[in-house]
Amino acid sequence: SQTIHQWPATLVQPVGSPLSLECTVEGTSNPNLYWYRQAAGRGLQLLFYSVGIGQISSEVPQNLSASRPQDRQFILSSKKLLLSDSGFYLCAGGTLTNEKLFFGSGTQLSVL
Amino acid sequence: AQSVAQPEDQVNVAEGNPLTVKCTYSVSGNPYLFWYVQYPNRGLQFLLKYITGDNLVKGSYGFEAEFNKSQTSFHLKKPSALVSDSALYFCAVRDGNSGYALNFGKGTSLLVTP
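Chains as they are written, first to last, in the working numbering: chain A, 1 to 112; chain B, 1 to 114.
Just chain B, with the same shape it has in the complex:
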């Protein structure tokens, strides 16, 4: 079975500084990796995905993530954080070789302060 770990419950960043939200995964087949964002009392919104190809994936709102197979990681990054980036961020994984279950991490709360 596949799983995702987000080791940080919360990440605090000052506006204008770079941000990183960490994610590591475990999957027996090919990892399909995703980042989603959730604003209060809402459903999740897709940010970006890695299926195959370039290890650096660019997504919505200036976010990017780097797939690192040797470290089984897929960290979310942004060069310059905005206060409006404050939200709950979820990493997710699907085993591309089998099944359609998409499993999410427990989420990381990002707080960007002015």
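In isolation and in its complexed conformation, chain A is listed as follows:
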């Protein structure tokens, strides 16, 4: 089965600092990959998704960007963090053959 590795689990960063969150996938090839942000333990907001290397779709305009340099690697970045970037970030991956997403364990980002 698929496994999503996501790190770090917790991150505290000052306003204006850069960000790089990495997500890697095991157990499948050519997955669709997703970055979600969950605010205050509730609703998930879709930030980016990718259907292949170098292919990124952005769902909301924001201070963040995503990249997919390899088939099983998905990176969420920012050049300068804002206070409003704080939240719980989840990476997810899945294939169209079973339409089932596997989620990473998340990164709790606090921007101070």
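Just so you know, these hints were derived from the structure itself, not from any lab.
In this text, all values refer to a predicted model and were calculated from it rather than measured experimentally.
Every residue gets a Cβ at the ideal spot worked out from N, C-alpha and C, and that includes glycine.
Just to be clear, a hint being listed does not mean it is correct.
[Claimed, not checked] What the simulated footprint calls covered on chain B by chain A, stretch by stretch (three residues with Cβ under 8 Å from a Cβ of chain A suffice, anywhere in the stretch; the number is not a length):
hint : stretch
1    : 44-51
2    : 102-114
[Said to hold, decoys possible] Derived pair list, reagent style EDC-like, types lysine to aspartate or glutamate, alpha-carbon separation capped at 20 Å:
hint : chain 1 : residue 1 : chain 2 : residue 2
3    : B       : K77       : B       : E15
4    : B       : K49       : A       : E99
5    : B       : K77       : B       : D54
6    : B       : K77       : B       : E66
7    : B       : K77       : B       : D9
8    : B       : K106      : A       : E59
9    : B       : K22       : B       : E8
10   : B       : K106      : B       : E8
11   : B       : K49       : B       : E15
12   : B       : K58       : A       : E99
13   : B       : K58       : B       : D9
14   : B       : K69       : B       : D95
15   : A       : K79       : A       : E99
16   : A       : K79       : A       : E59
17   : A       : K100      : B       : D54
18   : B       : K22       : B       : E64
19   : B       : K77       : B       : E8
20   : B       : K77       : B       : D95
21   : B       : K106      : A       : D85
22   : A       : K100      : B       : E66
23   : A       : K100      : B       : E64
24   : A       : K100      : B       : D95
25   : B       : K49       : B       : E64
26   : A       : K80       : A       : E22
Following the hints, complete the assembly by docking chain B onto the known chain A.
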């Protein structure tokens, strides 16, 4: 664009009673519908999905959901709730005709009391 509404922030149920968590959706193409569960400080876990076929879908841990096209609903149900079912439940939708974006609802917190 597709969207999901979960009208209840919280659902309280006594153990052993049936539970229902509501979800309605909006999508222009074919709805692909999903339920996921999240335990505290964790990622989401897949419960069940509706893509096509039988309107009643059975999933993990005794959960089921019924697809109702006329009411654009996909409510999650379980005949007999357990205390361990207490968690945050998310409904999600994808437009099967276009794109790969999977959009989630805001979540419903289920509390099952002994």
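We went through each hint and held it up to the structure:
| no. | hint | in the structure |
| --- | --- | --- |
| 1 | 44-51 | holds (count 5) |
| 2 | 102-114 | holds (count 6) |
| 3 | K77(B) x E15(B) | holds (14 Å) |
| 4 | K49(B) x E99(A) | holds (8 Å) |
| 5 | K77(B) x D54(B) | holds (16 Å) |
| 6 | K77(B) x E66(B) | holds (8 Å) |
| 7 | K77(B) x D9(B) | holds (16 Å) |
| 8 | K106(B) x E59(A) | holds (16 Å) |
| 9 | K22(B) x E8(B) | holds (7 Å) |
| 10 | K106(B) x E8(B) | holds (9 Å) |
| 11 | K49(B) x E15(B) | violated (25 Å) |
| 12 | K58(B) x E99(A) | holds (15 Å) |
| 13 | K58(B) x D9(B) | violated (24 Å) |
| 14 | K69(B) x D95(B) | holds (14 Å) |
| 15 | K79(A) x E99(A) | violated (33 Å) |
| 16 | K79(A) x E59(A) | holds (19 Å) |
| 17 | K100(A) x D54(B) | holds (18 Å) |
| 18 | K22(B) x E64(B) | holds (12 Å) |
| 19 | K77(B) x E8(B) | holds (14 Å) |
| 20 | K77(B) x D95(B) | violated (23 Å) |
| 21 | K106(B) x D85(A) | holds (18 Å) |
| 22 | K100(A) x E66(B) | holds (18 Å) |
| 23 | K100(A) x E64(B) | holds (16 Å) |
| 24 | K100(A) x D95(B) | holds (14 Å) |
| 25 | K49(B) x E64(B) | holds (9 Å) |
| 26 | K80(A) x E22(A) | holds (17 Å) |
Checked against the numbered hints given earlier, this structure breaks hints 11, 13, 15, 20; the rest are met.
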